[in-house]
Amino acid sequence: MLPISDFAAAAVRLHLHAAEVSITEAALFGDPTIVRHSSVHRTQYLYACTQAVKQWYEVFFNIPVRDMNGVTTSTMMQMRHAIGLLYILSTIDEPGWRKEDVSDIVNLYPILDRLANALSQVPAAASEQHDLDSSDYADHWWTHVASTIRTMRTIWAGQDELGNSAMPELVSAAVGNAGTSNAVDGTELDFSGLDWLMDPTMMSFAV
Amino acid sequence: MRWTAHLQECLHEIETRREGPLDDALVQCVTIQLIADKAINSASLDVNIELDPYFRPPPNLFAQEMLTQLGQLRSSMSTTTWQQSKYHLR
Numbered sequence: 230m231l232p233i234s235d236f237a238a239a240a241v242r243l244h245l246h247a248a249e250v251s252i253t254e255a256a257l258f259g260d261p262t263i264v265r266h267s268s269v270h271r272t273q274y275l276y277a278c279t280q281a282v283k284q285w286y287e288v289f290f291n292i293p294v295r296d297m298n299g300v301t302t303s304t305m306m307q308m309r310h311a312i313g314l315l316y317i318l319s320t321i322d323e324p325g326w327r328k329e330d331v332s333d334i335v336n337l338y339p340i341l342d343r344l345a346n347a348l349s350q351v352p353a354a355a356s357e358q359h360d361l362d363s364s365d366y367a368d369h370w371w372t373h374v375a376s377t378i379r380t381m382r383t384i385w386a387g388q389d390e391l392g393n394s395a396m397p398e399l400v401s402a403a404v405g406n407a408g409t410s411n412a413v414d415g416t417e418l419d420f421s422g423l424d425w426l427m428d429p430t431m432m433s434f435a436v
Numbered sequence: 134m135r136w137t138a139h140l141q142e143c144l145h146e147i148e149t150r151r152e153g154p155l156d157d158a159l160v161q162c163v164t165i166q167l168i169a170d171k172a173i174n175s176a177s178l179d180v181n182i183e184l185d186p187y188f189r190p191p192p193n194l195f196a197q198e199m200l201t202q203l204g205q206l207r208s209s210m211s212t213t214t215w216q217q218s219k220y221h222l223r
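Residue numbers (the working numbering), protein chains in the order written: chain A, 230 to 436; chain B, 134 to 223.
The shape of chain A in the complex, shown without the other chains (with noise of 0.2 Å):
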């Protein structure tokens, strides 16, 4: 098991790189299409956001798979929000963003499968060192989230092949006010293909 100084250092990082991404997503919301002297830094955001959620992920998947089940409910938050983010970030339409450069700093596709590995695996893992009842896996909260990310993922690569884009419907202009936590959770900005945020085991993290 992870020391408990190692576990502090994973928050403490995971909870920084949630701060970048609060501030650099301020980004997206507005009109993108009325130009002005900002645009470039609207850009500019955009990217160091695609960065901060890299980053993010980057520190997640250290935490060894057995460990996952100690992480906090914030955390579970904070990797909901980024999924979303990285979404919209490699699909969203706008002057100036190359949505082909997001896949390069960080692909979607192959997250979600190592997220939805790594989660499926946390019963197991977490059971070996007596953490989680092991009767029923498949019953378990963590096979559920990972259900729902391969789901999603499922579905995303489908909207993919169409070639629909989470370009918003509606930019309600909404910025959380939830810290690092839930400045886009479906919630507020009326994205298409971000129905599964509502899904009640996703929806769970929020509790």
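All the given hints hold, so there is nothing to weed out.
Facing chain A, from chain B, some residues (calculated, C-beta under 8 Å):
#, residue
1, 158
2, 165
3, 168
4, 196
5, 199
6, 203
Which chain B residues stay away from chain A? Per the calculated CB distances, all over 10 Å, these:
#, residue
7, 137
8, 141
9, 142
10, 144
11, 145
12, 146
13, 147
14, 148
15, 150
16, 151
17, 152
The hints are simulated quantities; they were obtained by calculation from the structure and are not laboratory data.
Positions of the beta carbon are idealized from the N, C-alpha and C atoms, including for glycine.
Given chain A's structure and the hints, the job is docking chain B onto it.
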């Protein structure tokens, strides 16, 4: 939760005394959150102000300043012992 002078005082006490091995982590997490909150609050104010979009200030006027503060915080973390772990901030 609204940040108050009392909470600031408590944070300072924890930072100064460092009685437990995780006190540094707590102080850093709270500090990070305060920086993020400042940026988010400034962005919320900005998008809610009804001004001509051509004359509106940048979407997040304080974002660069807040990112700089996070960078400074990251640099200052290198001296703490728990940062010697493999997750230490570079």
